[in-house]
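> Heads up: the protein sequence lines correspond to chains L and P, in order.
As numbered in the working numbering, residues 1 to 90 make up the first sequence, in order.
As numbered in the working numbering, residues 1 to 90 make up the second sequence, in order.
One or more hints might be untrue.
Identical copies go unnamed one by one, so any copy, or any two together, can satisfy a pair.
To be verified - Below 25 Å or equal to it, Euclidean Cα-Cα: the simulated BS3-like pairs (lysine-lysine) are:
#, residue 1, residue 2
1, K15, K63
2, K55, K87
3, K55, K74
4, K63, K74
No lab work stands behind these hints: they were computed from the structure.
These numbers were taken from a predicted model, which means no experiment stands behind them.
There are 2 protein chains.
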Amino acid sequence: MTTKKPNEILISRAKRTEDYVLDVIVMFNQGYDEVELKGVGNSIYKAVEVYNLLKDRLGDGIKLEKTDIGSEVKDRRRISYISIRLKRVY
Amino acid sequence: MTTKKPNEILISRAKRTEDYVLDVIVMFNQGYDEVELKGVGNSIYKAVEVYNLLKDRLGDGIKLEKTDIGSEVKDRRRISYISIRLKRVY
Ligand SMILES: [Zn+2]
Numbered sequence: 001m002t003t004k005k006p007n008e009i010l011i012s013r014a015k016r017t018e019d020y021v022l023d024v025i026v027m028f029n030q031g032y033d034e035v036e037l038k039g040v041g042n043s044i045y046k047a048v049e050v051y052n053l054l055k056d057r058l059g060d061g062i063k064l065e066k067t068d069i070g071s072e073v074k075d076r077r078r079i080s081y082i083s084i085r086l087k088r089v090y
Numbered sequence: 001m002t003t004k005k006p007n008e009i010l011i012s013r014a015k016r017t018e019d020y021v022l023d024v025i026v027m028f029n030q031g032y033d034e035v036e037l038k039g040v041g042n043s044i045y046k047a048v049e050v051y052n053l054l055k056d057r058l059g060d061g062i063k064l065e066k067t068d069i070g071s072e073v074k075d076r077r078r079i080s081y082i083s084i085r086l087k088r089v090y
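Just chain L, with the same shape it has in the complex (with noise of 0.2 Å):
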């Protein structure tokens, strides 16, 4: 869980939910075919905002393929995630 992949995005609060929604768009646009939105904490709310802002803009030019929550542990405390895996339709 702490090694970030390729195509994970950490949501956080350094960005805005638009940034990163754009910086999905710009994964996609890369050539990613799958790309994988981590939210912890309090950003698990940022995450499903960034996801429900792509579904707007992309529509059915993504799928949600998996949703997974559950929790980790961060720095000696067990601290609540989810992971958002979305899929590039064409």
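Dock chain P with the ligand against chain L, hints included.
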């Protein structure tokens, strides 16, 4: 999406995470086999927290059957939601 199903718990700011955990345990004890946690907007994070606390306490006694994310219209505004369906395992 608006009408609440009997086995659905709408997670909101109204109660603490631990209270929702107890609500679910009570429902399982009342004989419900499945309980659905519904978190909207800022309460999406809390819904995932409730799930993780339940998992800590009940372990293999519950199974995460399905996690849905999306958006719905509420007071003429579109708002993100998460729906977490839990199944009792005997
Ligand atoms: Zn896939």
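> Compare the structure with each hint and give your call.
Hints versus structure:
no. : hint        : verdict
1   : K15 <-> K63 : within (24 Å within a copy, 34 Å between copies)
2   : K55 <-> K87 : within (11 Å within a copy, 29 Å between copies)
3   : K55 <-> K74 : between (30 Å within a copy, 18 Å between copies)
4   : K63 <-> K74 : between (30 Å within a copy, 24 Å between copies)
The structure shown violates none of the earlier numbered hints.
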